[in-house]
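> Chain residues, written in single-letter form:
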Amino acid sequence: MMTNIQKWLVSLTLLTSFNITQAAEPVIWQSVMQSLSESDIAQGHFKQSKHLKILKKPIISSGDFALLRDHGLIWNTLKPLDSSIVIIDNRIYQVRENKKYLLVEEKRQGIASTLLSILSGNLAALKQSFEIESSITNGEWSLQLNPKDEALSRIFKLLVLKGEKQLTSARLFETQGTQTYIEFSQISNKPFNVQQKMLLSEPALPSKQLGP
Amino acid sequence: MNFTLRISIWVLVISLLCAVSAWRFSEDVSLQADILSVIPNTAYPQKVTQLLDQKNNSLQRNIALLVGASSEQESTVIGNVLKKKLTPFIKFDSKPLNTNETLLMFFSSGHFLAPEQHEQLLAEQNTAFISDTYGVLTMPGNHLVEQAITTDPLFIGLNYMRYMSQTMGLNLSSTQNIKTNGLIYQSLSGTLKAGDTVDQITQINTFINKVTKQYKHQNADIIRSGFAFHSTAAEQQAKYEVSSYGLAALIGIILMVMVVFRSPLPLFLSVLGVSSSILTGLAAIACLFEEIHILTFVFAVSLVGISIDYTFHFFAHRSGPKENSSLFHKALSASLITSVLGYSLLAMAPLPLLKQVAVFMIFGLLSAYLFTRYVINAHPWRQERMSDVASWLITIYHLPFRFLIITKTRLLFLSLVLLTLSLLVLTLQSENLFKDDIRLLITPSEALFEEEKNFRQITQSQWESGFLLVTAPNEQQLLKKTHFLDQQLKAAIQNQQINAYLALTSWLPDTHQQHENQKLIHKLLASGVAQEYLSLLDYKPEATRFLYSGKQTVSLADITQQLPVSGAQQLLLNGSDNIAAIYLLQKVSDWSSVKKLTTQQPYPLLIDKPNDISSVLGEIRSSVLLLLSGILILALCYLSWMFNFKDALYAIALVALAIAVSLFSSFLWMGYLNIFNLFAALLIIALGLDYIIFYLSPLSGDRVRLAILLSSISTLLAFGLLSFSATPAVASFGSGVMSGIVALILFTPTIRFLWRSQ
Numbered sequence: 001m002m003t004n005i006q007k008w009l010v011s012l013t014l015l016t017s018f019n020i021t022q023a024a025e026p027v028i029w030q031s032v033m034q035s036l037s038e039s040d041i042a043q044g045h046f047k048q049s050k051h052l053k054i055l056k057k058p059i060i061s062s063g064d065f066a067l068l069r070d071h072g073l074i075w076n077t078l079k080p081l082d083s084s085i086v087i088i089d090n091r092i093y094q095v096r097e098n099k100k101y102l103l104v105e106e107k108r109q110g111i112a113s114t115l116l117s118i119l120s121g122n123l124a125a126l127k128q129s130f131e132i133e134s135s136i137t138n139g140e141w142s143l144q145l146n147p148k149d150e151a152l153s154r155i156f157k158l159l160v161l162k163g164e165k166q167l168t169s170a171r172l173f174e175t176q177g178t179q180t181y182i183e184f185s186q187i188s189n190k191p192f193n194v195q196q197k198m199l200l201s202e203p204a205l206p207s208k209q210l211g212p
Numbered sequence: 001m002n003f004t005l006r007i008s009i010w011v012l013v014i015s016l017l018c019a020v021s022a023w024r025f026s027e028d029v030s031l032q033a034d035i036l037s038v039i040p041n042t043a044y045p046q047k048v049t050q051l052l053d054q055k056n057n058s059l060q061r062n063i064a065l066l067v068g069a070s071s072e073q074e075s076t077v078i079g080n081v082l083k084k085k086l087t088p089f090i091k092f093d094s095k096p097l098n099t100n101e102t103l104l105m106f107f108s109s110g111h112f113l114a115p116e117q118h119e120q121l122l123a124e125q126n127t128a129f130i131s132d133t134y135g136v137l138t139m140p141g142n143h144l145v146e147q148a149i150t151t152d153p154l155f156i157g158l159n160y161m162r163y164m165s166q167t168m169g170l171n172l173s174s175t176q177n178i179k180t181n182g183l184i185y186q187s188l189s190g191t192l193k194a195g196d197t198v199d200q201i202t203q204i205n206t207f208i209n210k211v212t213k214q215y216k217h218q219n220a221d222i223i224r225s226g227f228a229f230h231s232t233a234a235e236q237q238a239k240y241e242v243s244s245y246g247l248a249a250l251i252g253i254i255l256m257v258m259v260v261f262r263s264p265l266p267l268f269l270s271v272l273g274v275s276s277s278i279l280t281g282l283a284a285i286a287c288l289f290e291e292i293h294i295l296t297f298v299f300a301v302s303l304v305g306i307s308i309d310y311t312f313h314f315f316a317h318r319s320g321p322k323e324n325s326s327l328f329h330k331a332l333s334a335s336l337i338t339s340v341l342g343y344s345l346l347a348m349a350p351l352p353l354l355k356q357v358a359v360f361m362i363f364g365l366l367s368a369y370l371f372t373r374y375v376i377n378a379h380p381w382r383q384e385r386m387s388d389v390a391s392w393l394i395t396i397y398h399l400p401f402r403f404l405i406i407t408k409t410r411l412l413f414l415s416l417v418l419l420t421l422s423l424l425v426l427t428l429q430s431e432n433l434f435k436d437d438i439r440l441l442i443t444p445s446e447a448l449f450e451e452e453k454n455f456r457q458i459t460q461s462q463w464e465s466g467f468l469l470v471t472a473p474n475e476q477q478l479l480k481k482t483h484f485l486d487q488q489l490k491a492a493i494q495n496q497q498i499n500a501y502l503a504l505t506s507w508l509p510d511t512h513q514q515h516e517n518q519k520l521i522h523k524l525l526a527s528g529v530a531q532e533y534l535s536l537l538d539y540k541p542e543a544t545r546f547l548y549s550g551k552q553t554v555s556l557a558d559i560t561q562q563l564p565v566s567g568a569q570q571l572l573l574n575g576s577d578n579i580a581a582i583y584l585l586q587k588v589s590d591w592s593s594v595k596k597l598t599t600q601q602p603y604p605l606l607i608d609k610p611n612d613i614s615s616v617l618g619e620i621r622s623s624v625l626l627l628l629s630g631i632l633i634l635a636l637c638y639l640s641w642m643f644n645f646k647d648a649l650y651a652i653a654l655v656a657l658a659i660a661v662s663l664f665s666s667f668l669w670m671g672y673l674n675i676f677n678l679f680a681a682l683l684i685i686a687l688g689l690d691y692i693i694f695y696l697s698p699l700s701g702d703r704v705r706l707a708i709l710l711s712s713i714s715t716l717l718a719f720g721l722l723s724f725s726a727t728p729a730v731a732s733f734g735s736g737v738m739s740g741i742v743a744l745i746l747f748t749p750t751i752r753f754l755w756r757s758q
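These protein sequence lines are chains C and V, in that order.
Numbering-wise (the numbering used here), the first sequence opens with residue 1 and increments by one.
Numbering-wise (the numbering used here), the second sequence opens with residue 1 and increments by one.
None of these hints come from the bench; they were simulated from the model.
Among these hints, one or two may not hold up.
To be verified - 25 Å max Cα-Cα, derived SDA-like pairs, lysine to any residue:
| # | chain 1 | residue 1 | chain 2 | residue 2 |
| --- | --- | --- | --- | --- |
| 1 | C | LYS57 | V | LEU534 |
| 2 | V | LYS596 | V | ALA491 |
| 3 | C | LYS79 | V | LYS210 |
| 4 | C | LYS47 | V | LEU534 |
| 5 | C | LYS79 | C | GLU140 |
| 6 | C | LYS79 | V | THR150 |
| 7 | V | LYS210 | V | PHE89 |
| 8 | C | LYS79 | V | PHE89 |
| 9 | V | LYS523 | V | LEU534 |
For clarity, every value in this text was computed on a predicted model and none was experimentally measured.
Hey, can you work out the whole structure from these sequences and the hints?
This is the structure:
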């Protein structure tokens, strides 16, 4: 039987053909939604390379991520330094001693919701904010996301997602020149551990109210 | 001295007064159009009042515009065109409010640490600190990192902004253009350059209209915000009303005089008399006051109504068979004395506007009296037959009173008067009848109010009119005091009693704290984990240390210099020997909790000028009610001395009845009463006593009726028109006087034809 994560990746692959086979889009869309609704969890490893215009060399980091579809994401950097952030809906939290503290709350569509939509394969949400173009070369599919939303276009110039049987990479081109390249690997639908469940479910702590 | 000589001297004196007024208005006297300034800041201590005046002066010249178009590019083009055209009038802020950049520049200096970071460094949790910093650096799509990393690789500024944003409930990234309803808006803000506000705003409005038309294909939408737009609209409205209503009333009166007296001379003398009264009144207020409110002129139009009565009485007295002149002069003097007594009491009211109106009226009436008594009277008049129109008017006017006399309804009428008076006394006790909210009286320029509403909605700057004010002798003491208030307000935000607050002092730790923060950061930079992090960025530790070793400390002045002149800079008030911080509050759901704050350290003042003024207005309204009772008692004594107590009592009862009718009809018309209805009552007393004195005098009944009918019609013309004013305050006054005069026309003749006839 196909695992949930395989269904999710198949559906993401199917997405890619929606521009090429415009007439068949509703059928594909239905099957994508159906397969997405059957799978809630995804976990895997990432390797990120961030090229800031101002810095000579890229900042390379790696770690693991855990996704609760359309709800939240734990982005756990392990190397070179330990650091953990949690994205839930439109909020980004910092994690300290297994407790999360609100870092950013987006009032409009922003990075948090975009990242969640990409990793959740939420085409409907992505279509609202991006013009999507797809292509297939040598068995590798590629999705180009051009922001049409005013707020997002201030952050991103272009997003490129690539994959074969599963999502393999995402490249984020920011307006100020920063490029972030993320490679995904070992994606599975392994259940969450206690700590992950806690981070994605428990309410955040308020910022401490001490005078500066 | 003959008539020609007297009138020449008179014209000379009036011309001199005219010159004095012109000189005073060009040199020292200023016109005030702000309705809130009708009442002084008596509610606050003197030092606070001085600071608030300073704030008001700068606020009055603030201008903010939102320039919208279909795309960002078009909105920028329109914004630039507008900026170029408006530069002669507006000193634009160097750039639109850009809180992010300002904070980034400032709070990366190593003097600022958010509480949790301060706690981390104090507990030497350097790894946790750097781990958080690294998380911010690597977070995908965090576009602020690129901006901050060169000056603040530890992202202390970004973190401080986050802390501010969360604790103060503010969205600090107000830098971007705003997209709403399919349009992209950019904001332009600045202050009016020195010059005449009305002229400047008129030209600004013209340019805005031109640019809107020019770019209508780009869906150009320019939204105005700023006190100057409203005050200019109010001033122009008041000027338009004074000139147009005044002209209409004048034409009506001229026609009436021509038809009734059939000669140009009475007309000429009536117009000269009224003009002299107005000029004398004007000269008096110009010499006695430094600042004159525009509403004074609107209310002073009532002088036309009273001063013309004197000439009407004179010419009516000259119609028909000859009468004893001393009787006429006695009645005229009595009429003047009662009016002057009434207005003298008004001059004691604790309200500059009322003082100005009283002075204007007293001197104006004195001028009308002198002109009638010593100039018009000097003409060798012939007694003339009453005109047909005049006789016809008197006959019609007399009809209802014939009916009253025949049916001998004296007792019934008296019962009606007493019943109405009892009702009046009872209803005036009720506080619910009156609405003292000053905002209800402001000129309703609907288009401007709509724009102001849109502006607030688009920019989400929905601050309450009430704010907290903390004063201290110097900056450091102010920072110490406001520290307590910050804690209380942050708790109020968490308890959802207020949505957000904004104060400059909340952004700044005191000097001691700033030093401590800098030491902690330098200690962190020396740690291994920080050096490991910085090596990832290729930053040398010494260079980074330098980034966080800027100025020794940051002061409030440093912060205000970075802020737009027309914006947050005005949240700090510098007095000669004190300094004050303003705390703006957003969406207060529980005002009692805010009021409670004023009873605790650091004892901030809750300033809400419209509300405070409204409550002062309520107190003044109560004193004006007492004043009215005082005037009626004084008039009762004077009339008792002149005539007899019974007649005087009936006379006062009639005047009070007219006031009751006036208040009742105003209540029906507007749904509430305000202080301006009581000002109307004051005029009704002045006119009512004037009519009654002539009715009680032994002058010919027909002539008295003619004079009173003419003066009533002239007053109705003047005040009936005022009830159409767009300014609710003026409309209340106009409608109140109009209904009161109608009541006087109907009731006052009963004193002669019903009361005395039996």
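> Is the hinted pair V:LYS596 and V:ALA491 satisfied, with a Cα-Cα distance of at most 25 Å?
The hint holds at about 13 Å.
> C:LYS57 and V:LEU534: Cα distance at most 25 Å?
holds, 13 Å
> Given the proposed pairing of C:LYS47 with V:LEU534, does the C-alpha separation stay at or below 25 Å?
holds, 20 Å
> Given the hint that C:LYS79 pairs with V:LYS210, test it: the Cα-Cα distance must not exceed 25 Å.
Distance ~61 Å between C:LYS79 and V:LYS210 Cα, so the pair is violated.
> Compare the distance between the alpha carbons of C:LYS79 and V:PHE89 with 25 Å, and conclude whether the hinted pair is satisfied.
Not OK: C:LYS79 and V:PHE89 at ~58 Å, beyond 25 Å, violated.
> For the pair supplied as a hint, C:LYS79 and C:GLU140, is the alpha-carbon distance within the 25 Å limit?
Violated - the C-alpha atoms of C:GLU140 and C:LYS79 are around 29 Å apart, more than 25 Å.
> Could you grab the alpha-carbon distance between V:LYS523 and V:LEU534 and see if it respects the 25 Å cut-off?
Measuring from Cα to Cα gives roughly 14 Å; hence the hint holds.
> Straight-line Cα separation of C:LYS79 and V:THR150 no greater than 25 Å?
holds, 23 Å
> Would you check the hint for V:LYS210 and V:PHE89, treating anything up to 25 Å between C-alpha atoms as holding?
holds, 16 Å
Going through the hint list in order, the structure does not satisfy hints 3, 5, 8.
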